[in-house]
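Work out the full structure, taking the sequences as your base and the hints as a guide.
Chains as they are written, first to last, in my numbering: chain A, 1 to 258; chain B, 1001 to 1258.
What the hints contain is simulated information worked out from the structure, not anything from laboratory work. It cannot be assumed that every hint is accurate.
[Said to hold, decoys possible] Quick partial rundown of chain A residues pointing at chain B, CB under 7 angstroms, derived from the structure:
#, residue
1, E34
2, M47
3, G51
4, R52
5, S54
6, F56
Note that beta-carbon positions come from the ideal geometry of N, C-alpha and C, so glycine has one too.
Protein chains: 2
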Amino acid sequence: MTDYDTVSADVEHEEEIPEDHPRYQDLLTRHRIERGVEKGITHLQGMHAEGRGSAFDYLLGEETIPSADDAERAAAAHLLLADDPVLSINGNVAALVPGEMVELADATGADLEVNLFNRTPERIGAITAHLREHGAEDVKGLEADARIPNLDHQRAKVDEDGIHAADVVLVPLEDGDRAEALNEMDKTEIVIDLNPLSRSPQVADVPIVDNIIRAVPNMTEHANALTDAEEAELRTVVEEFDRERALEDAERRIRDGL
Amino acid sequence: MTDYDTVSADVEHEEEIPEDHPRYQDLLTRHRIERGVEKGITHLQGMHAEGRGSAFDYLLGEETIPSADDAERAAAAHLLLADDPVLSINGNVAALVPGEMVELADATGADLEVNLFNRTPERIGAITAHLREHGAEDVKGLEADARIPNLDHQRAKVDEDGIHAADVVLVPLEDGDRAEALNEMDKTEIVIDLNPLSRSPQVADVPIVDNIIRAVPNMTEHANALTDAEEAELRTVVEEFDRERALEDAERRIRDGL
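Below is the structure:
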């Protein structure tokens, strides 16, 4: 944290940020989210939410802790076992890990669906275009022909053949209301959130307490490593994951890491 | 935190945010900082920094802890004792507490000086105008005819008869480099920062670990209560404040409060 305010993320292209910089991940994250706001992908409040997350990441030690790695492996196994897996994309996810989400979708056979808290046609369009620039072919979320029960109208919109029908959903950086409503639909829900006490990881089947910028590529690596595994092996990975322990581990790390 | 993502700060005027809302302070803060970005007062990265601070505020319990109240009283006494006190204003300070800073300046006889990490003539102008809308008369920081030693050119700019000559400076939400350089100039430095471990509070004579939205009005209240005090009483207030204990208290609260 000490160096936080003294480094500027103010470069034109992210390639200009030196990879050996001690604050590389933080600089990259801030650069991408700022570009996301400028491109109309990310809501201004997303910049605030990202800052909030970065404080928890600082307290976690800015690394993937072992229990988060376990969660990422279990999440990969869930996605590989699923009949209809869907990866949900909001403005921060699109800004931070567009190419990484496309790779995870490819590695697991999942669909990508744009799903926004502050939904406007312009932002849906900007995000869809951004994902296509990063290699996405099909992007769901434009139909919005189904609703998640128990949510207000705008927030409930999903695709009938996307999130609505999915058996496993990855909802990174999701708000608590929607995470809870999705959970009540009896889906297997995977959440990425840096605050282990917030509602989304608390209700998730697989809570991943990690920075999305590390978590998504790591899930893809696990998926690639497990791609030829038998169903029984995948089920073992899923069953061995202990969500309570993962949440407790992350909380302990945040306390002790300070 | 659980309710964090489910409330929207998306109102036209801050008067529309109900004061009895359980997330009132957070909503007000996010609303003001978002308007600050829109008005060209606050840098986009300021939104990120504010989010980061809000996570620490959440861990602190979103209240002024007793040691922070002590720090705010000591800060008020320092400002009243000073010959040339200056309150430094950056983009986040201007967005969050413009009127409150003007009131603190009035209560303590301090000058206001605009002092930016990302300095442009447009932002200086927008912030000065914003402060004047909130009742400021004289605003320093436009001359920039002196330099803080040991800082790069842009970041070092201050007014000769402002921060450069000040004996007591309040630098809220200051970056570590500048906080350290100011400290080396042998000024009494008061810092407001929600992370007790970041460099600015670590080097400050009076580190205030509190949300600026609570800290500044509370400093004004203390200043008003102390305004008729004898110099000896003010010196006692200053001497009784224990900066180490205040930093330790805040750290303990952040750990235990989780």
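To see whether the hints hold, each was checked on the structure:
Nearest Cβ of chain B to the Cβ of A/E34: about 5 angstroms, under the 7 angstroms cut. The hint holds. A distance limit of 7 angstroms between C-beta atoms decides the matter here; for A/M47 the minimum to chain B is near 4 angstroms, and the interface restraint holds. Satisfaction of the interface hint for A/G51 is found here, the shortest Cβ-Cβ separation to chain B being roughly 2 angstroms, below the 7 angstroms cut-off. At about 4 angstroms, the closest approach between the beta carbon of A/R52 and any beta carbon in chain B falls short of 7 angstroms, and the interface hint on this residue holds.
Annotation: interface hint on A/S54 holds; nearest CB of chain B at approximately 6 angstroms, less than 7 angstroms. Proximity of A/F56 to chain B holds as hinted, the smallest CB-CB distance being about 6 angstroms (cut-off 7 angstroms).
Checked against the numbered hints listed earlier, the structure breaks none of them; every hint is satisfied.
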